[in-house]
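Peer 1: Sequence:
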Amino acid sequence: MAKVTKAVILAAGYGTRVLPASKAIPKEMLNIVDKPAIQYSVEEALKSGITDILIVLSRGKQDIEDHFDRKPDLELQLKNSGKEEAYQVVCEIAEMGKRITYIRQQTQNGTGGAVMYAKQFVGDDPFVVIYGDDVIIGEDPCTAQCCRAYEKYGKAVVCMKEVPFELVLKYCTLDVKHAEGNDYYISNMIEKPKPEEVISNYAILGRCVLPAKIFDILETLPTGAGGEYQLTDAMKQLAVTEGMIGVDFTGTRYDMGNKLGIMKACVEVALKHPEIGEGFKEYLKTLEI
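Residue numbers (this note's numbering): 405 to 693.
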């Protein structure tokens, strides 16, 4: 089975759930302590053996490209000031940028429409889809868990978790059967189900590995929930016809598309941060809640 070396990061959404912060700044550039959310996803992909990354953007998101680009004036200032650690940090970010290409989604028509922009980039290879809203932090990168499952079973893979019933209605529901360890067979899925359609509380969260044949499905896909082309609807065809694998992944997932998710990420990462962790913990103890 071919190794997975390509990733597509979906970062074209408007970020309406975190307005007004996302009015002028891409929501993917909102910080978790001292790094923008999208950098966590890029680092995760690279740590998982991904060598080529495509980020699907929309208008007004040039800040993402700028973040992963060189900034010679800043680099020179840091070097001349003896700020070696900061200099290394900005240089490492630019090195990540060498693995990234960008494409602009001209029409906001759903995750399926966004993935179609990756067809030329992907070619005939399997690829990871990383949802820009979902930052997943753990010792074993979530993308690596997905890729291992794909290489083991030879089937499309989704990362999943059991979520409260009310979130299943907003996400999707999966028909699962345990395989081994954290791996499950998936035979069906429903995007944004009605209450009576819920199969299980397992929902897709943040990552999937897909074969190139997904583009053939997307090209004939009718619009789904919200009048958009939903990637889940295309994956459902794979699940029903040849089966998929679900990985009940390890790690903590933060929904960076909503304000509470952003605050949870900032607080939990800050508490473990080597520079400010202890000071932040002591500060929290002083608060009267």
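FYI, nobody ran anything at the bench for these hints, they're computed from the structure.
Bear in mind that the values here come from a model prediction, so they are computed numbers and not experimental data.
By construction, the Cβ of each residue, glycine as well, lies at the ideal position given by its N, Cα and C atoms.
Careful, some of the hints might be misleading.
No more than 20 Å apart at the CA atoms, straight line, and that leaves these computed lysine to aspartate or glutamate pairs for EDC-like [stated by the list, open to error]:
hint	residue 1	residue 2
1	596	570
2	676	659
3	410	479
4	668	682
Between beta-carbon pairs, the in silico distance windows are [as the list claims (entries may be wrong)]:
hint	residue 1	residue 2	range
5	495	626	42 to 52 Å
6	667	644	17 to 27 Å
7	527	644	20 to 30 Å
8	528	435	34 to 44 Å
9	589	692	47 to 57 Å
10	423	524	40 to 50 Å
Peer 1: Each of the hints needs a verdict: does it hold here or not?
Peer 2: Hints, verified against the model:
1. Of the supplied pair hints, the one linking residue 596 and residue 570 holds, its CA atoms being roughly 10 Å apart against a limit of 20 Å.
2. With a C-alpha separation of about 19 Å, the suggested pairing of residue 676 with residue 659 holds against the 20 Å cut-off.
3. Simply put, residue 410 and residue 479 have alpha-carbon atoms about 29 Å apart, too far for the 20 Å limit, and the pair is violated.
4. Taking the CA atoms of residue 668 and residue 682, the gap is about 17 Å. The hint holds against a cut of 20 Å.
5. Distance hint for residue 495 and residue 626: a CB-CB separation of about 47 Å, consistent with the stated range 42 to 52 Å.
6. Checking the proposed 17 to 27 Å range against residue 667 and residue 644 shows it is violated: the Cβ atoms sit about 39 Å from each other.
7. The given range of 20 to 30 Å is respected by residue 527 and residue 644, whose C-beta atoms sit roughly 26 Å from each other.
8. Checked against the given bound of 34 to 44 Å, the beta carbons of residue 528 and residue 435, roughly 38 Å apart, stay inside it.
9. The hint said 47 to 57 Å for the Cβ distance between residue 589 and residue 692, and at roughly 50 Å that hint holds.
10. Against the hinted window of 40 to 50 Å, the Cβ-Cβ separation of residue 423 and residue 524 comes to about 33 Å, which falls outside the hint.
Of the numbered hints listed earlier, those contradicted by the structure are 3, 6 and 10.
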